[in-house]
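Peer 1: Chains as they are written, first to last, in the working numbering: chain A, 1 to 391; chain B, 392 to 532.
FYI, nobody ran anything at the bench for these hints, they're computed from the structure.
Keep in mind that the hints are not guaranteed to be accurate.
Distance windows between CB atoms, simulated [said to hold, decoys possible]:
| no. | chain 1 | residue 1 | chain 2 | residue 2 | range |
| --- | --- | --- | --- | --- | --- |
| 1 | A | ARG254 | B | ASN498 | 29 to 35 Å |
| 2 | B | THR502 | A | ASN25 | 46 to 52 Å |
| 3 | A | ARG235 | B | PRO475 | 54 to 60 Å |
| 4 | B | PRO475 | A | ALA3 | 38 to 44 Å |
The structure displayed is predicted, hence computed values, not measured ones.
Ideal Cβ positions, reconstructed from N, Cα and C, are used throughout, including at glycine.
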Amino acid sequence: MAAWDLKDKAAVCGVGHSPYGRRLNRSPIDLAGEALRHALDDAGLSRDALDGLIVSFGTPIGVDADTLASTLGLKLTMYNQTWAHGRFTASCIQWAALAVTAGLAKAVACLAALSFSGVRRPMMGGAGDHEGAREAGGGHGEDPVYGMTSPGAGAALVAQKYFQRFGATSRQLAAVPVAFRHHASLNPGAILRTPITVEDHQHSRLVCAPLHLLDYCLINDGAACVIVTTSERARDLQQRPVYLSGMQGLPGGRDEFIWAYPGFGMAQQAEFDYHAGLQPVYQRAGVTPADIDALFTYDAFSILVWMALERFGFCRPGEAAAFTQEGRIALGGALPMNTNGGLLSEGHIMGWNHHVEIVRQLRGACGERQVGHAQIIQWANAYGDSLIYRR
Amino acid sequence: MATYPKPLPAISPLNAPYWEGLKRHQLQLQRCQDCGTIWYPPAPFCPGCWSRQVAWQTLSGRGTVTAWVVFHQAYFASFTADVPYNVAEVALDEGPRLLTNLVEVENDAITIGMPVEIVFDDVTDAVTLAKFRPRRHAYAP
Chain A
1 MAAWDLKDKA AVCGVGHSPY GRRLNRSPID LAGEALRHAL DDAGLSRDAL
51 DGLIVSFGTP IGVDADTLAS TLGLKLTMYN QTWAHGRFTA SCIQWAALAV
101 TAGLAKAVAC LAALSFSGVR RPMMGGAGDH EGAREAGGGH GEDPVYGMTS
151 PGAGAALVAQ KYFQRFGATS RQLAAVPVAF RHHASLNPGA ILRTPITVED
201 HQHSRLVCAP LHLLDYCLIN DGAACVIVTT SERARDLQQR PVYLSGMQGL
251 PGGRDEFIWA YPGFGMAQQA EFDYHAGLQP VYQRAGVTPA DIDALFTYDA
301 FSILVWMALE RFGFCRPGEA AAFTQEGRIA LGGALPMNTN GGLLSEGHIM
351 GWNHHVEIVR QLRGACGERQ VGHAQIIQWA NAYGDSLIYR R
Chain B
392 MATYPKPLPA ISPLNAPYWE GLKRHQLQLQ RCQDCGTIWY PPAPFCPGCW
442 SRQVAWQTLS GRGTVTAWVV FHQAYFASFT ADVPYNVAEV ALDEGPRLLT
492 NLVEVENDAI TIGMPVEIVF DDVTDAVTLA KFRPRRHAYA P
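Please build the complete structure, drawing on both the sequences and the hints.
Peer 2: Put into structure tokens, the structure is as follows:
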């Protein structure tokens, strides 16, 4: 393997998004077009300066790269698209960084557009959920013949096992949605902005026990876009570049389950004591976890925040329950997380909204929810991929 | 048999022997004849050593609960009458983990580590599901 030499070689030069809402009654192409337009305007780039496109998710909830390119009259030299699954957000941005630094494209728009309200049959669980029909099983443990369906049920299995193994409680887990809702209350673009309490969480209905409704993210509509170019070019554009300092891709194999780190013993994972060590993303970015000013993660379900913290070594296995108490992951805390409100409260744009927020934090443009002196921000997930950005 | 309203398995050339085994009331998984690995879900060759010397072997049907959830929401209309119903992950004594429903036990009596044994549920003429109940016999079946 070649040595890592892409530190700070690519940068985000523009971000944009559509409104987020529960029932926008707008098509994914419409939403994507708006996000892309705003991102280009943000970067100060013309449409024709864009020659690459990487789309996450696609039909039926999202937009597809080919039809988007033709509908918007783009002139692309490369495009790519992931399958209809939320785990590829950072991968898209990573591939864009590889493409621009390798000379495959000059500026690559990475985006997702979602219209969950526009599909006839709900896809997140039940008869319209294709995951359970995959040969060799669903990506989150779906097994419909036993009524095992929906991504959240896989997360609930992890939560139950976590609670019992480490003596943690649902009440402790409430700290995650409570903190993120506080952040959303400071974000005019967030879908859910009314503050919640631990008691609200405990009294919200059980969806798939032990997870309550307030452990679940939103299902909504919206689009968000991140434009990646070389750092050299970004410095000539109108926004302060936000550099891609380090990255690590999605780990795969039998030791991986999307909602649990290796060793946790879910699905066919071997069971062993997990030690995070120093994840490669830190070495590649030349920083340590102690240098991270804010952390963002894919919080489709609150338990994933605990798994991400432990996976990346912010605390040891079993410690995240205590680590997330007393405002530590809220603005003003030692490690602010998902300052936009997360998937849990700003909206489920598969984390693309988080990347928009990271860039704005590093530009110092987050107003009331600005993390003071933010220099280095990390995206890191329960499922193991990561990006480290710096201003 | 009345029409069975719940989802049925997607049977493929790869997993058909598993479902045929259950229909005969045998829990069978593939075992590598070269390295001895037993695995789930079915695979074209051993995930450990990639040997194609693979045989379907009848297992004990015993295991322990490693995680469980209780559905309070009926995502499938056909499960509406069942909520709240459990789904458990069971680690078979031979190693692989299966998802299943636990029967003959109240949801609030389920614990991780609970020893369980297989119950064959003939849901249609063609399909039998592998469910589990608290273990009754030390040396069954």
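Peer 1: Would you pick out the hints that fail for this structure and give their numbers low to high?
Peer 2: 4
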